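All chains should be built: construct the whole structure from the sequences, respecting the hints.
In the order they appear, the protein sequences are chains X and W. Per my numbering, the first sequence starts with residue 4, numbered consecutively. Per my numbering, the second sequence starts with residue 724, numbered consecutively.
Honestly, I wouldn't trust all of these hints.
[As the list claims (entries may be wrong)] A few chain W residues that face chain X, going by a derived Cβ cut-off under 10 Å, partial list only:
(1) M724
(2) Y730
(3) F812
(4) R814
(5) D903
[To be verified] Far from chain X, by Cβ distances over 12 Å, these chain W residues were calculated:
(6) I729
(7) G765
(8) H853
(9) T926
(10) K934
(11) G935
(12) Q979
(13) R1038
(14) V1093
(15) F1104
(16) V1108
(17) A1199
Bear in mind the hints are in silico, worked out from the structure with no lab data behind them. This structure is a prediction, so every number in the text was calculated from the model and none was measured. Beta carbons are placed, not taken as given, at the ideal position from N, Cα and C, and that holds for glycine.
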Amino acid sequence: MLYELTDVTKRYVQSGKNVDALAGIDLCVQEGEFLAIQGSTGSGKTTLLQMLGALDRPSGGEVRFDGRDMAKLGEGDLATLRSHSFGFVFQTFNLIPTLSAQENVETALVPWGVAGDERRSRAQAALARVGLAERARHLPSELSGGEQQRVGIARALVREPRVILGDEPTGNLDEKTRDEIIGLLETLWRERGQTLVVVTHDTWVATRASRRIWLDEGRVTGGDGLDGAALLDDEVPVEA
Amino acid sequence: MFLTYIYRELRRRHRQALLTALGLAVGVGLVVAVSAYADGVGRAQDEVLQSLYGVGTDITVTRTAEMGSGGPAQIGMNPGEREEQGERFARDMVMTSPGKQVIAAGKIDRIAALDGVSAAVGGLSLDVMHVEGKFAQVVGDGQTAGSGVIVQSGQMPQPEASQAPIAMNVYSITGVDVTDQAIGPLSAAEIVKGRGFASDETTAKVMLVEKGYAKQNDLAVGDTLKIKGVKFEIVGLVTSSSSGSNLYIPLARARQLADEDGVSQIYVKADSAENIAAVKQSIQTVMPKATVTTAEDLADQVSGSLSSASKLADRLGTWLAVAALVAAFAVASLLTVSSVSRRVREFGTLKALGWRSRRIVGQVLGESFVQGVAGGVLGVFIGVVGARLITWLSPSLEATAGPASGALSGAAVAGPGGPGMGGPMQALESAAQTVTVQLGAPVSVQLALIAVGLAVTGGLLAGAFGGWRAARLRPADALRRLD
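Structure, rendered in structure tokens:
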């Protein structure tokens, strides 16, 4: 099992009040799985994704990745884990505006200390894989939304991570581009066998996953797919 | 990647980067200008000291006049004989400079023998009052409408009912030890015409004249001047020296004129600058009543516009520079922090990619370093322009050593021991000497380097502060903020 989450909670203090973003999550993710996490705004899905990407620590419970409890790792180990095992794709692309498409992809190789030439050739190869070889020297502002997200995907996969984590990766795109991006992610997932976890509230995107779970008020309220839990096809369950 | 990132980031935010650099530049520029100004004032002070004080002389020893010594000087001018009535007369009254006690010549050897003293010579300062006029005629039954003149301090002679006006001329003479002129009153003076004293002219009737006095009285090399019946030949003209005297003659001749065996001041040279304080102390032990003045004491007593400028540069200037620097650092820090705050998303993303905090801090520091260097270079430029402006705008400054009501003005009518003015400056012959110097503000390479260093330090401090704030953010918080 790649991920094992046991009774994971995350509590924030907001304006003096406690807010439970996660209120006891139990979840297992297998290697090579395409998992879609669905839920309404504030349901805790982004927080869950950040737990999976070692960007945040749980307030309670355990998040095991490859058998290691991530809560017990120091900041340095977490940074190493992030640079070696995870690739992030963000809703707002999060490209560095001053760097070209290729340089943005290269930033993912900086923590590894990859030498300049190799760094450039790997970044070019990653851009070619997402069909942007021609646009390598362009700044993000010179690219369309779909192209920017392709750069984001190239940046996530240039290190060949074990897990690609997408936080609403198509949330800012039109339908046609959305289909292209999801198609691209799906192809990469099928070809490379990487684990793909995508947070989305787009049901169409979720249906492409091998498994879906629903989150509401910080709890998993349902799921389908590999674990066999039967739920309605295109519907997010009505909240209790 | 590190450099590319810095370059691109600064190019994108070029306005803000320029503003930060400019803020640092203004602060540093002020420091440069103020330091250059202070340096200029320091140099001007040195220049003043050098001319107010013998170059080769480290310490001057004098004695203030004791109470009751001296007194009003009287020049008897009543005709003793009938045949003198109505005749012209001329009298020279020679007296040691007011306020000074004559020091026995033996003290020179005692001081010369002290540890740390390399040489000691004596000098005798005299004031000469030359009075000439016509003897009164006896009027009536033996009474005189005399022109007997009583000279007292601060009191102008009364012409009374003399038949002819009485002309008075007051000037100062310094007796110089011609055997050793490296120290003493003439050590800083320059011969502008003619020649100086030869070391064997110990008793020669030769004289040097201060060039201003020579011009005023139409005296030239080769002329002769009669003092108390002795004819002196003018052999050279000199620039104003430390003693501020009008005329210089060999010491032995001066003693003869004043009928004195001693000297009025002893000029001492220490064998090294470090020994000056120790020598001063041992002289004070040997001569407890003497006033011992070193160049340092003199510096403390320099007054006038130069002194004010120096105080201004020291106090206001330093505070202004410190305030400007603190403000510049604060502005740079604020701008850096605001830039970092705007880039939270960027840093959060980099952290998500596995960048370590120190790498992010390094990136911010790198940007700040470049801004600091730019600010430093710009600051030196501003400083140099400011210094040039100061040099261009500043008027020549005057420095006066000693009280303005000092010896020379008082001496015009003062007899020996007249006005009881004491104090080291009074005692020193340079009393009330005014020197005019042009103030400059030189910017040295060292100062320029310090300025760049300051700006870089400011930039790095701002960067460290901004970077620390960036690194402190947890990646999840950083990313959450943007959504």
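**Item:** Indices of hints not satisfied (ascending)
**Value:** Result: hints 3, 4, 5, 6, 17 break, sorted rising.
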